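Chains as they are written, first to last, in this note's numbering: chain A, 8 to 176; chain B, 8 to 176; chain C, 8 to 176.
Read the hints as simulated data drawn from the structure, not as lab findings. None of these values were measured; they are calculated from a predicted model. Just so you know, even glycine gets a beta-carbon here, dropped at the ideal spot from N, CA and C. It is possible that some hints are incorrect.
Claimed, not checked - Label-pair restraints from in silico Cβ distances:
id: 1; chain 1: A; residue 1: Ala109; chain 2: B; residue 2: Lys78; range: 48 to 54 Å
id: 2; chain 1: C; residue 1: Asp95; chain 2: B; residue 2: Lys60; range: 29 to 35 Å
id: 3; chain 1: B; residue 1: Thr69; chain 2: A; residue 2: Ala146; range: 29 to 35 Å
id: 4; chain 1: C; residue 1: Val126; chain 2: A; residue 2: Arg47; range: 42 to 48 Å
Stated by the list, open to error - One side of the interface only, derived from the structure: several residues of chain B facing chain C at Cβ under 10 Å:
id: 5; residue: Asp37
id: 6; residue: Leu38
id: 7; residue: Asn100
id: 8; residue: Ile104
id: 9; residue: His124
What the hints assert, rightly or not - Calculated Cβ distances over 10 Å to all of chain C for the following chain A residues:
id: 10; residue: Ala40
id: 11; residue: Asp48
id: 12; residue: Leu59
id: 13; residue: Ala65
id: 14; residue: Glu72
id: 15; residue: Ser85
id: 16; residue: Asn100
id: 17; residue: Asn142
id: 18; residue: Arg157
id: 19; residue: Arg158
id: 20; residue: Ala160
id: 21; residue: Ala166
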Amino acid sequence: MESSTLRQVTDRDDISFLLNEYCRALDAMDLDAVAAVFTRDCLVEYGPEDRLKSRGRAAIRTALERLWRWKRTSHHLSNIQIAFSAADEARANSYVIAWHEAADGSTATVWGQYRDHLVRTAEGWRLAVRRQVMNGNDAGFTVNLFPAERRPAPAGWVAPVIDNPLREK
Amino acid sequence: MESSTLRQVTDRDDISFLLNEYCRALDAMDLDAVAAVFTRDCLVEYGPEDRLKSRGRAAIRTALERLWRWKRTSHHLSNIQIAFSAADEARANSYVIAWHEAADGSTATVWGQYRDHLVRTAEGWRLAVRRQVMNGNDAGFTVNLFPAERRPAPAGWVAPVIDNPLREK
Amino acid sequence: MESSTLRQVTDRDDISFLLNEYCRALDAMDLDAVAAVFTRDCLVEYGPEDRLKSRGRAAIRTALERLWRWKRTSHHLSNIQIAFSAADEARANSYVIAWHEAADGSTATVWGQYRDHLVRTAEGWRLAVRRQVMNGNDAGFTVNLFPAERRPAPAGWVAPVIDNPLREK
Numbered sequence: 008m009e010s011s012t013l014r015q016v017t018d019r020d021d022i023s024f025l026l027n028e029y030c031r032a033l034d035a036m037d038l039d040a041v042a043a044v045f046t047r048d049c050l051v052e053y054g055p056e057d058r059l060k061s062r063g064r065a066a067i068r069t070a071l072e073r074l075w076r077w078k079r080t081s082h083h084l085s086n087i088q089i090a091f092s093a094a095d096e097a098r099a100n101s102y103v104i105a106w107h108e109a110a111d112g113s114t115a116t117v118w119g120q121y122r123d124h125l126v127r128t129a130e131g132w133r134l135a136v137r138r139q140v141m142n143g144n145d146a147g148f149t150v151n152l153f154p155a156e157r158r159p160a161p162a163g164w165v166a167p168v169i170d171n172p173l174r175e176k
Numbered sequence: 008m009e010s011s012t013l014r015q016v017t018d019r020d021d022i023s024f025l026l027n028e029y030c031r032a033l034d035a036m037d038l039d040a041v042a043a044v045f046t047r048d049c050l051v052e053y054g055p056e057d058r059l060k061s062r063g064r065a066a067i068r069t070a071l072e073r074l075w076r077w078k079r080t081s082h083h084l085s086n087i088q089i090a091f092s093a094a095d096e097a098r099a100n101s102y103v104i105a106w107h108e109a110a111d112g113s114t115a116t117v118w119g120q121y122r123d124h125l126v127r128t129a130e131g132w133r134l135a136v137r138r139q140v141m142n143g144n145d146a147g148f149t150v151n152l153f154p155a156e157r158r159p160a161p162a163g164w165v166a167p168v169i170d171n172p173l174r175e176k
Numbered sequence: 008m009e010s011s012t013l014r015q016v017t018d019r020d021d022i023s024f025l026l027n028e029y030c031r032a033l034d035a036m037d038l039d040a041v042a043a044v045f046t047r048d049c050l051v052e053y054g055p056e057d058r059l060k061s062r063g064r065a066a067i068r069t070a071l072e073r074l075w076r077w078k079r080t081s082h083h084l085s086n087i088q089i090a091f092s093a094a095d096e097a098r099a100n101s102y103v104i105a106w107h108e109a110a111d112g113s114t115a116t117v118w119g120q121y122r123d124h125l126v127r128t129a130e131g132w133r134l135a136v137r138r139q140v141m142n143g144n145d146a147g148f149t150v151n152l153f154p155a156e157r158r159p160a161p162a163g164w165v166a167p168v169i170d171n172p173l174r175e176k
């Protein structure tokens, strides 16, 4: 295992800042700041339906106006993993808990991941491709995001009894 | 984009450690360790009411005794963004999911942000000013925190229909 | 406060990647990838019962097959704190929100921490000892994890009234 270069360490910090900036700006509905984290020709896909895909900064800015239907949101980003495919290209995987509250007080929560391709531009690191996948969602969240991959149990697998025998299930 | 210096990269790591230490120590109700993350003359504001503001290490230590009214808590910190305003001064924004459980089993959850000013002291980086803002809260959480800023929709904006048409709302 | 070496900064990045990899691989039920984050002779303890302890990579891989009883899971890692006890040894504390959904749609959520000892091996940093502790859990989560430490209030402590007087409790 070689040590990273200072440039790589700095790049990971800058990329993490950018991924967090998307969440901060989105929760503030500062859509100019949200759009600025993407490349001009970005591709953003939240799910398989055409209306959940955007090409280009202007398009993603317009698409994310849909979050105004919520009264409040909170996007909690974690599990950031970054790998460089070239000096100016990186891939990132991160997790998000996205909480949304409607005007009537009802809420919708999704447990997901962002799968990103980033490039170094004259403006700094930017998101060139973002795909969101969904690990889970509550009943309030009904947008058709891509499901995360999960390997099935082998045929014939039987769940062990591991719950605490002292408690009722 | 210039590369950060090794000192800046180290400083970001040290500041992140400190922000996480507040959560770890608070959930353990190790109030001496909580107080130690602040400067001696810190200003901490959780909300607009006087009783939610503390000045100085001793005051914040005493104020946070109020968390003993909970049986268990868990403060999950993420979305850390750090920027240096001088060699020995930084600003940080982070997100927190703060879960609290009362003795009767009822819970209160807040989805918020910490807005921090940090300074490098002889002891290392410390929080000089902390303000908490609230992106959201559930019905169980009734403390009057500062609301996070969120830009309103333009006049006349109409929410698009984007929910999955295959599901009942 | 001395600046970290570039090696230490890189090591923290590598260790963070590894801690996140456990979550990513576990949610994907890629058990080979989960097992690969541990040392060959690792000790993993989720709770005080023997069936919640595993010794060695093969054992932890088999033990974690129990997550197939869930339909979907999402492990959100945050609050990573890393300290080096030697050039090739580190301790880490991190927080996790682990969300699980059963086939019947019921869910179980635990709010916890991982307490880890890591070692640098020929393959890179690996988890040698992992202990999970639980800050909190909802009613759906019934596995007997270790409880996190929390200092009790001093004898005679009385909770202050701090809730917003404008709201009904």
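When the hints from earlier in the document are held up against this structure, which numbers fail?
1, 2, 3, 7, 9, 15, 16, 17, 18, 19, 20, 21
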